[in-house]
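First to last, the sequence lines map onto chains A and B.
According to full-length UniProt numbering, the first sequence is numbered sequentially starting from 1.
According to full-length UniProt numbering, the second sequence is numbered sequentially starting from 1.
Below 27 Å or equal to it, Euclidean Cα-Cα: the simulated DSSO-like pairs (lysine-lysine) are:
1. B:LYS161 x B:LYS192
2. A:LYS62 x A:LYS174
3. B:LYS95 x A:LYS120
4. B:LYS59 x B:LYS175
5. A:LYS54 x A:LYS139
6. A:LYS120 x B:LYS101
7. B:LYS183 x B:LYS202
8. B:LYS101 x B:LYS59
9. B:LYS139 x A:LYS120
10. B:LYS174 x B:LYS192
11. B:LYS120 x A:LYS139
12. B:LYS120 x A:LYS95
13. B:LYS120 x A:LYS101
14. B:LYS12 x B:LYS161
15. B:LYS161 x B:LYS120
Quick caveat, the hints were computed from the structure, so don't treat them as lab data.
Spelled out, the chains give:
2 protein chains.
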Amino acid sequence: MMYQNGVNNVKKTLVIIAHPEVADSQLQQFLLESSQSLEEVEIHYLIEGQFDIKEEQNKLKKFDRIIFQFPMYWYSAPFILKKWIDEVIDYTFSKTELRHKELGLVVSLGVDEANFASGKPENFTLSEIFRPFEALANKCQMIFLPIFSISLFSYMTEIEKKRLLIEYQQYLTKKNNVNFETKENWFVSRGKSISKTYEDTKQENLEQIISIIENNREEIEDLRLLIDEMRSDEP
Amino acid sequence: MMYQNGVNNVKKTLVIIAHPEVADSQLQQFLLESSQSLEEVEIHYLIEGQFDIKEEQNKLKKFDRIIFQFPMYWYSAPFILKKWIDEVIDYTFSKTELRHKELGLVVSLGVDEANFASGKPENFTLSEIFRPFEALANKCQMIFLPIFSISLFSYMTEIEKKRLLIEYQQYLTKKNNVNFETKENWFVSRGKSISKTYEDTKQENLEQIISIIENNREEIEDLRLLIDEMRSDEP
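Please put together the full structure from these sequences, using the hints given.
The structure is reproduced here in structure tokens:
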């Protein structure tokens with residue numbers, strides 16, 4: 001297999017949580033459970049008090065993808081995240097150590113996301129509201145990921161929550177591009193990883209699904225090769 | 001005189017300063033000196049520690065214009081201001097007590113303001129970067145003032161600094177509209193207020209200038225009346 005991401009043991013993603021009441025937040029607990037089975041993800045809570053700057057900087061160096069996860073308070077993150085940014089990302093560090101890493105935001109909203117648009121009640125889009133984070137990423141030569149926003153979690157149906165779980169897991173660990181092959185690869189490696197924990201019959205079913213996906217992909221690749229050959233024969 | 005603002009003793013503007021080292025900042029010291037003679041302005045420093053929420057809220061209620069004054073740190077205010085906003089502006093307060101007040105930002109920049117535009121090094125405009133404050137103002141039904149930005153203060157000439165002083169004083173106390181009459185009124189009332197502190201000859205000079213401005217204005221008003229009359233005579 002060409003794409004191993006998700007099945008090896010290398011830590012990849014650091015989720016920095018800035019939330020004053022993680023234990024009382026249904027959504028944060030749901031997200032934590034969703035990420036628990038992802039071996040390449042580490043969770044890092046920000047707690048009030050002094051940060052050990054060197055320790056925080058060393059932690060950041062180890063990961064390819066940094067995620068800020070927080071509820072939107074007054075059109076930004078809770079102040080604790082700004083404190084962390086102000087103190088940890090100093091000039092030298094920003095110039096040298098974050099380059100080519102990815103920066104993502106997982107933002108929960110108390111109102112419907114549809115309200116964030118010109119002429120709607122909130123008037124500005126989430127992309128506009130979170131420009132300061134995009135500008136930070138630019139300055140550090142990081143790649144800014146699409147914002148992952150979650151609104152009105154408590155009104156979600158079970159199916160919506162399952163979809164959220166998959167999309168969130170992908171946001172944390174999937175290769176950052178949107179083509180179909182990447183999505184397929186993610187499902188295959190993820191499937192292989194979780195099938196071990198299943199009972200025998202379920203495991204067999206999952207392995208069958210995975211082998212169908214893999215066979216289909218081989219067929220698609222064969223077809224692509226054929227098309228390329230046919231094209232090269234054209235006058 | 002129809003426009004008394006600036007000569008009476010009513011507090012009008014609250015400047016909330018979020019700067020970790022005000023005493024060591026040449027610019028902040030310059031701004032403080034510039035505002036010292038303005039009787040309608042009160043300065044409020046944010047210091048780390050617990051805020052007395054009720055006290056802060058009561059203070060806000062007293063002023064028509066609230067100014068956040070800070071150096072831009074990572075495309076926003078230093079975290080202490082976000083802490084203050086998160087804690088002081090609670091839901092009920094935001095819905096009831098800030099309506100129709102004005103919100104302004106006095107932001108100092110470490111780089112040339114010309115860098116803040118599409119295709120320039122910073123890529124985003126200051127208006128874009130400070131959208132979260134504009135969104136906050138909108139939500140509280142406040143009037144968001146144009147951003148007052150100061151870049152590269154230490155490279156300014158004496159004349160540039162004098163201009164900055166006037167513009168800053170106007171930002172704090174001038175009626176929020178840009179027509180010429182407002183500017184003129186501001187100069188007249190400000191001139192009358194400071195002339196008391198001058199020695200006799202300077203005071204006379206200043207009073208002469210003021211009376212010239214006032215006479216000119218009367219002449220302009222007469223001319224306007226004449227034009228209106230002439231128009232009403234038209235067929």
